[in-house]
Structures are given as structure tokens and as C-alpha cells.
Amino acid sequence: MNCPDCKEKLDRYVDRELSSSEVVEVQLHLEACPDCSDQYDFQAHLKRLVKNSCDCDHAPVAFREKLRQILT
Amino acid sequence: MAESPAQTAFAEEALTHLDTLYRGALRLTRDPDQAQDLVQEAYLRALRYQHSYQTGTNMKAWLFAIMRNLFWDRFKGSRKEDVSLDDVGEFVLYDKLRDEGAKPEADVLDKLAASEVVEAVEKLPPLHREVVLLVDVEGFSYKDAAQALGVPIGTVMSRLHRARQQLQKGLYDYAVESGIVRGSTSKQQ
Chain A
42 MNCPDCKEKL DRYVDRELSS SEVVEVQLHL EACPDCSDQY DFQAHLKRLV KNSCDCDHAP
102 VAFREKLRQI LT
Chain B
762 MAESPAQTAF AEEALTHLDT LYRGALRLTR DPDQAQDLVQ EAYLRALRYQ HSYQTGTNMK
822 AWLFAIMRNL FWDRFKGSRK EDVSLDDVGE FVLYDKLRDE GAKPEADVLD KLAASEVVEA
882 VEKLPPLHRE VVLLVDVEGF SYKDAAQALG VPIGTVMSRL HRARQQLQKG LYDYAVESGI
942 VRGSTSKQQ
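These protein sequence lines map, in sequence, to chains A and B.
Using my numbering, read the first sequence as starting at 42 and increasing by one per residue.
Using my numbering, read the second sequence as starting at 762 and increasing by one per residue.
Don't read these hints as lab results, they were simulated from the structure.
Incorrect hints may have been included.
[Said to hold, decoys possible] Below 20 angstroms or equal to it, Euclidean Cα-Cα: the simulated EDC-like pairs (lysine to aspartate or glutamate) are:
(1) B:884 - A:96
(2) A:107 - B:883
(3) A:107 - B:794
(4) B:872 - B:860
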């Protein structure tokens, strides 16, 4: 695998959407290529940052109770 | 509303996904009151159309599909409105920061406030925002995201790629505005 191939697969690697054989190919490349490895670390970090920033909102308790009363 | 124990059980199971629906509605509408209205309407519709849910399939994706379809119908009026998916070009924050001599993670990502990231997500066009919410925030697989959005998996992948490009551009702009990076005359966009 070369760098363009790795970059093309990086989104799916970060999202755990590659097949197991593709995962091995990417992993082997990342171990041998500091540039792609840095880029992977950055993309994975960015994905975690988006998740951690956006998933802290929860439905208000009063709203949850209101829905439960309406629906059940 | 539930008229049988089975309906009550269905409603209870559906309510286990409330936080995901609420977060999605909040990010789509950007308004807590509108988000609650949207989610309540989605749950009422889900119960009304309970028969169309196939047991064993992904209930969270099914509920999200109902909610986001209501969003497009009620809040956007027409699916053709506000669906600009203009590309920002191949803007890759990582490359740009490296070109400017910054350490992309330590110098930028670690210094961005959660509120700035949320704001950057909320500035994405809705069609991009919803795919980021599903895959990056809620952890949907591409297949489940495709089900929730009613599009092929390839469309999920292409929208996600473009959404991330736009998000990176937005975060770069925040980083420049807040002085985290100095910024420079952009060679791309």
C-alpha cells in the first residue's frame, strides 16, 4: 500500500468500516509511514473531539417524563 | 397513547433512544424548544406507524429517520432548500497547519473549546450536519446511517468526506479568529 491508497482508506479506517484484510493493510502502512500515521492520529483525534463536544447534551428530565406520560 | 402492553413496551424501548434523537434535533434545529417539539412529534408518529418497524432492525436508525424527515418537512419546508453542498475544495486542516509550522493536535485541536466545535458542526449545511451527527457523534455504521438518511452507503461516504472538509475549514477559521494559529493567505479557499 502506498500513501495515496492509505489516505483514500483513512476515513473508513477511522470509522471502522474496512474489512479485516484492509485493516491489516492500513495498519502495516501506518506502522511504516510516520506521515500517514500522524495524519491518522489527527483524524482520529478530530473525530473524538467532535463526539465529545457534541454528545454531552441529554434530553431534559422533565421532557423525558412528559414524553413517557404521553406515549405509555 | 399506548393501547396495549405491546405498545407500551414498544414506547419504552423507543424512549431508550431519546438522547440520540434529542441531540440530533437540537443540532438540526439549533433551538431547544423546536428540538423538543420535533422529537415529540417524531415519537407520536413512530407509535402511529409502529407496524412499519421491522423487529430486529435498528430502531435508533428508524426513529432518527422519522425525526429527520419531519425536520425537513416542517422546518425546512422543502428538501431542495438550504441544501447547498458546496465543496470547500480539498481543504485538509492537518496539511494546512503543518504547512504553517504548527503541531496540528497539540497546537490546535487541544486548544479548541467544545462550544467552538459545536458551533462549527451547527454551521454545516443540514445535509452535512446530519451525517456527522450520525457517524461521528452517535457512532452509527455507514449502513445504519444510510438507513436513517434514506440514501445509499456511497452517498453517506461522500457526504461525510465533504462534511469533514467543511468542518476542518470551519475549525481552522475559529483557530485563526481566536489566535490559536496565526493564519495565512489561504492557497486553497
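Hint-by-hint comparison with the structure:
1. B:884 - A:96: Holds, because 17 angstroms separates the two Cα atoms, which is no more than 20 angstroms.
2. A:107 - B:883: Given pair residue 107 (chain A), residue 883 (chain B) is violated - Cα atoms ~27 angstroms apart, limit 20 angstroms.
3. A:107 - B:794: With a Cα-Cα distance of about 14 angstroms, the restraint between residue 107 (chain A) and residue 794 (chain B) holds, given a limit of 20 angstroms.
4. B:872 - B:860: holds (19 angstroms)
In this structure, only the earlier hint numbered 2 is contradicted, and the remaining ones agree with it.
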